[in-house]
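Got chain A sorted already, so can you dock chains B, C and D onto it with the hints?
Here the protein sequences come in this chain order: A, B, C and D.
Numbering (the numbering used here) for the first sequence: 26 to 392.
Numbering (the numbering used here) for the second sequence: 26 to 392.
Numbering (the numbering used here) for the third sequence: 26 to 392.
Numbering (the numbering used here) for the fourth sequence: 26 to 392.
Source of the hints: derived by calculation from the structure; they are not laboratory data.
One should not assume that every hint holds.
Identical copies carry no separate label here, and so any pair may be met within one copy or between two of them.
What the hints assert, rightly or not - Derived SDA-like pairs (lysine to any residue); straight-line CA-CA distance at most 20 Å:
| # | residue 1 | residue 2 |
| --- | --- | --- |
| 1 | K82 | Q49 |
| 2 | K82 | R312 |
| 3 | K82 | D323 |
| 4 | K82 | E55 |
| 5 | K82 | A301 |
| 6 | K112 | I93 |
| 7 | K82 | E305 |
| 8 | K82 | E309 |
| 9 | K82 | R302 |
| 10 | K112 | G70 |
| 11 | K82 | R307 |
4 protein chains.
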Amino acid sequence: MSRVGVAVLGATGAVGQRFVERLQDHPWFELRCLVGDGSAGRTYGEAVTWLPATPLKPSVAARRIVRIDDLDPRDVSVVFSALPSGKAGPIESLLAARGFAVFTNARDHRLDGDVPLLIPEVNPEHLALVARQRGPGLIVANGNCSAIILTLGLAPLHRGFGVADVHVATLQGLSGAGYPGVSALDIVDNVVPFIGGEEEKLEVEPRKTLGVLRDGAIVPDGLRVQATCTRVAVREGHLVTVHARLSRQATLDEVLAAWEAFRPSAEVAALPSAPARPIELRPEADRPQPRRDRDAGDGMAVSVGRVRLDEDGRGLRFVVLGHNTIRGAAGQSVLNAEFALARGLLPTPRTRVASAASSAGVPVALA
Amino acid sequence: MSRVGVAVLGATGAVGQRFVERLQDHPWFELRCLVGDGSAGRTYGEAVTWLPATPLKPSVAARRIVRIDDLDPRDVSVVFSALPSGKAGPIESLLAARGFAVFTNARDHRLDGDVPLLIPEVNPEHLALVARQRGPGLIVANGNCSAIILTLGLAPLHRGFGVADVHVATLQGLSGAGYPGVSALDIVDNVVPFIGGEEEKLEVEPRKTLGVLRDGAIVPDGLRVQATCTRVAVREGHLVTVHARLSRQATLDEVLAAWEAFRPSAEVAALPSAPARPIELRPEADRPQPRRDRDAGDGMAVSVGRVRLDEDGRGLRFVVLGHNTIRGAAGQSVLNAEFALARGLLPTPRTRVASAASSAGVPVALA
Amino acid sequence: MSRVGVAVLGATGAVGQRFVERLQDHPWFELRCLVGDGSAGRTYGEAVTWLPATPLKPSVAARRIVRIDDLDPRDVSVVFSALPSGKAGPIESLLAARGFAVFTNARDHRLDGDVPLLIPEVNPEHLALVARQRGPGLIVANGNCSAIILTLGLAPLHRGFGVADVHVATLQGLSGAGYPGVSALDIVDNVVPFIGGEEEKLEVEPRKTLGVLRDGAIVPDGLRVQATCTRVAVREGHLVTVHARLSRQATLDEVLAAWEAFRPSAEVAALPSAPARPIELRPEADRPQPRRDRDAGDGMAVSVGRVRLDEDGRGLRFVVLGHNTIRGAAGQSVLNAEFALARGLLPTPRTRVASAASSAGVPVALA
Amino acid sequence: MSRVGVAVLGATGAVGQRFVERLQDHPWFELRCLVGDGSAGRTYGEAVTWLPATPLKPSVAARRIVRIDDLDPRDVSVVFSALPSGKAGPIESLLAARGFAVFTNARDHRLDGDVPLLIPEVNPEHLALVARQRGPGLIVANGNCSAIILTLGLAPLHRGFGVADVHVATLQGLSGAGYPGVSALDIVDNVVPFIGGEEEKLEVEPRKTLGVLRDGAIVPDGLRVQATCTRVAVREGHLVTVHARLSRQATLDEVLAAWEAFRPSAEVAALPSAPARPIELRPEADRPQPRRDRDAGDGMAVSVGRVRLDEDGRGLRFVVLGHNTIRGAAGQSVLNAEFALARGLLPTPRTRVASAASSAGVPVALA
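For reference, chain A alone in the conformation it holds in the complex (with noise of 0.2 Å):
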């Protein structure tokens, strides 16, 4: 009747909290441990500020944090880290070593060779990464938020049609900056058109996600990006404006096709955290919008409106948003976990009973 027992990393910031929302009532995992250097010993309720809409159960408030040191191996199999890009990476290379599975959502591994860059929808070959990976653990990692969402946007023409150039605009929400993050004296009626490291990201990223897998490594794909970032006054939600240039010429009718018809394999279509539409196209003029779309697929789809191609057949103007702390971060890792444990690569608990999990729809191949 178990369930694999996980904790989260920075567990009270913007995209911790993510994470223990989701994984509150996860029917594969077990949230048995927040981790918080800063508050340790405190509970978790007195600990957080907490942000999202669903309530926080009561059971999880009323855990204490512990250090990371705590992590008992025994307990748990899987970490989840929101820790800040910059700290993250040594302790998640730790924590691998000591055998635990962990998904980042940190900037530190996006790019070593042997980790993952994943959305399983796109790239789920990539996870045989893992494999090169020495130790008894292993670490995946999922990108940017905002990478994320235009990478999801994209990978259908990108199969369909090949996508050369790429010039993106972000209008990014509040909470991809953290909590407490942005001053509300610098945002209101204002936006502020920089984040840092952003634009680095959003062009290198995608490229890793979107390339091939070949004697055990990844070729980037020599797609082309360039973006400029902004903040602006939303809570949560991040929208991309695209203006990418076809390798080969498309009607508009092919390419909300190749949108229309992005559907997960029924490997992935299986997973918990899955939308049964990764991509949600929109057809009013003026959509999408963060308040009103970044919630689809329980915030797991992203949303794609304005399309407009040139008449040259390869000019795409399109908008894509997506929920920034949700497939953006956590959303996305915690898929990421249950995409591994579904392929059989997670360290079993202890204490799993076999015929309960595989009911829960887990493959037989893990027991």
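Here is chains B, C and D on its own, set in the frame of chain A:
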């Protein structure tokens, strides 16, 4: 001692108010008529929900709004039009036929072959187009708010290096949609990624303003603009992210120097509304910002920042920001009228006393 | 298996949308008619700018809006009115005369001697007033949004200790002004300290709801409310600061216990829209807050916090917050209709099958 | 020709910036020192995130921030303190002991028996309290931001009719919480109905400012204030709803006349920061509003509106609004210093030339 009598059409709207604000104490123009068909008979103070920070002068607030038919050419020779596009065109034509000099913010006549789309710092020679207009009056148009801001930002690059291709995304302030305009329920915690007709204007208008006057007609520039326009929860100010392709290679220093050196001609610099520097370079990493920079040059300067040049010396990214109802609308229109007055193109007021006016800086040619 | 057929008047407005949201999947009511004179003939999906987070059901979106004259008593027996006050009164009277049961959010009939101003948890006995209404139909009103929220918050104090004097200030959400309602230019970075008619309603309506039914008429309570109402940049939720004077001394524990113990009767608790706890106490220092607490009890619970009792045991200060378009409008109206249905006061639908309806919890008295 | 040398403590915070803004071009004071322990050594321009609309002067931006120990009494005789309460008290005492005249916005000394809580238009005679301070320097405090705004609004009523009881609710701007202060995630689409310590200050401070100086000590007024304080998504400006009980009956005309007639004494009116009218009456139904009225009198006037008098002639309701970091903090403190200078209480600068100073309006008594 007299100034030129002027009227404002559509005086209660967001742009109309800016006209009133900038004309209520103008050294060359005297605001004699507020025109509004819906509110005729009421005082301006009763009819308007005043938006600018500058207080409305009591003498203007007490003035009674009149109908368009009440305009008397003996009293008023210049008409500023803040009428809605669609409705504006025929009325403005009629007024010009009756001998008024019309300076319009409306879209209707912008692309007419004999109407200059004027920014005195950029295309002063286009003013000569009015000679082709038949009839006793004249019409001079200013561009769309975003188009003016973009065109000003591009002008020094266009002059210095040529600009071939431009991808822009706009983040536009609320006042651009007029008053009451955008419902608060649509924009608090939200972005609306669509503004009707805006992208088309951005693609066409800069080509005319940057075009060449040849044989009495404008040859539009070959510049290709592709735009995605969005509305954000900012009161005033349009921020435009620009990814431009220069026609010839440049260094970052050359690019910065081109903006830095961009100044009005002596003739333009002498106009009351002309800013000393039409373009202000912001060196900070996170500027320009609408709230902090929209009032630069009393709302008549645009601010440029976040300048990034590709290694190839041709791909250039930057952000340009301007005040949409001042430089992007009413302020531009008033500057255009000042320029026409300085060039001697305006009907002179009946009772004007040359010596007094010229002591206020009006060129003697006008007398 | 049939449910009671219902219609919504004014279905495209902010409150009308809430009616649709709460009726599109209701166990007892079936939404059969959307009425809107201005938009008749169009589908609801075309005519509405949908504001709630809950998605609009495609079957409802596809429904064509009809005129009020098209209402057919064979199809619809209950009419929910989200008409604007002023216009609503005569229409509602006419509908009641034609045999419809009208549940109205409009002001017009609220103070009629034979119309209950109903909150089933507070004054269920007032429903008996409808017996005094002549004619085949009936009218039941809910109070003004702020008045309902205040009255619910006061009810346990009123019962337990008496309340003599109340000073309130309200901070009201945008949806209270309807859609499009408040211009974003008026409320971004601002507060508007005036809402027409609101203070008067707050002073009068709670006296009626808290009044005593004697000899078939309401004797209003002697409670004195003084109010100042303001509009703030919050999408939904009205926050009310309350300084009350209790009629008899209490301790802080007694006051908290009175709120804590406030529960619906078993009869009311069985209604589909009734929250388990109509009042939720927030122990945190800085709650309730609109964004965090407006959805308590699915929008039907009000939240009370910041409780401070003077040393004299009579001066009491607190904050009460509720969802203005749910408990403060449409949700209250639907709850009222459920209560009337449970009490057997509604015209039964022609094709209703008693066994099925009662299996869904409708009392047999209805059969 | 010299002005009095002044320093600002805590110069990079929200209130500190207002001090700098109002002192960078002051006719009587010369801003010679910016003090900040955390940022000492950096230039002010590097250390500050400048918030006011007024541009920071380049000469001030280039000034290097010093430590408090670097303050030199030969250079600076007046110190303005924007230090955080708690930390401020001992430092200010020490500075006074070293001979500096300290004008402080911090809470620590406000209730000291020998420290005036000064508003020159209201209690100029309280300045005499400083004679009781031992030592070469002096300390003068201004009240809490909301308390100043409320006290100014009440002063004419207090003088004319007496005020017994006051219920207030505040809607306070973001800058009152300092910078970075309130997280945007906490306030977009929200209200926070709690500000630590604020309600207590509102209850105590007006009693002192409105108190009587008798035998060298303040006898606090008997006024009873009860307050509930909230934070709203407004950049600057505190709006206070007031329900007051007058001690003696008045007519509405008498009340309005009392506010209308409230003017500074000739002595105060001559101070550079004194507004001609400390109270501006707004006749519009929906004013005062933070964005529209906070800058009245250059931020030094409070605006009163929404005046409603009960039939009994004693219950009075109104709204008063003021700029919290100008009249409610730095501007008040600078006005207090000007008043002390005019009264000859400030240590004179070493190099001051009497004739020049007096030509700038400083009373000859200072020479």
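Going down the list of hints, with the structure as the test:
1. K82 to Q49: within (7 Å within a copy, 29 Å between copies)
2. K82 to R312: For K82 and R312, only the inter-copy Cα distance (18 Å) is at most 20 Å; the intra-copy one is 34 Å.
3. K82 to D323: Both: 18 Å inside a chain and 16 Å across chains, each within 20 Å.
4. K82 to E55: within (13 Å within a copy, 34 Å between copies)
5. K82 to A301: Close across copies (18 Å), not inside one copy (27 Å); limit 20 Å.
6. K112 to I93: Within one copy, since 13 Å is at most 20 Å while 34 Å is not.
7. K82 to E305: between (30 Å within a copy, 16 Å between copies)
8. K82 to E309: between (37 Å within a copy, 16 Å between copies)
9. K82 to R302: between (28 Å within a copy, 18 Å between copies)
10. K112 to G70: neither (24 Å within a copy, 30 Å between copies)
11. K82 to R307: Close across copies (15 Å), not inside one copy (34 Å); limit 20 Å.
Taken one by one, the earlier hints fail for this structure only at number 10.
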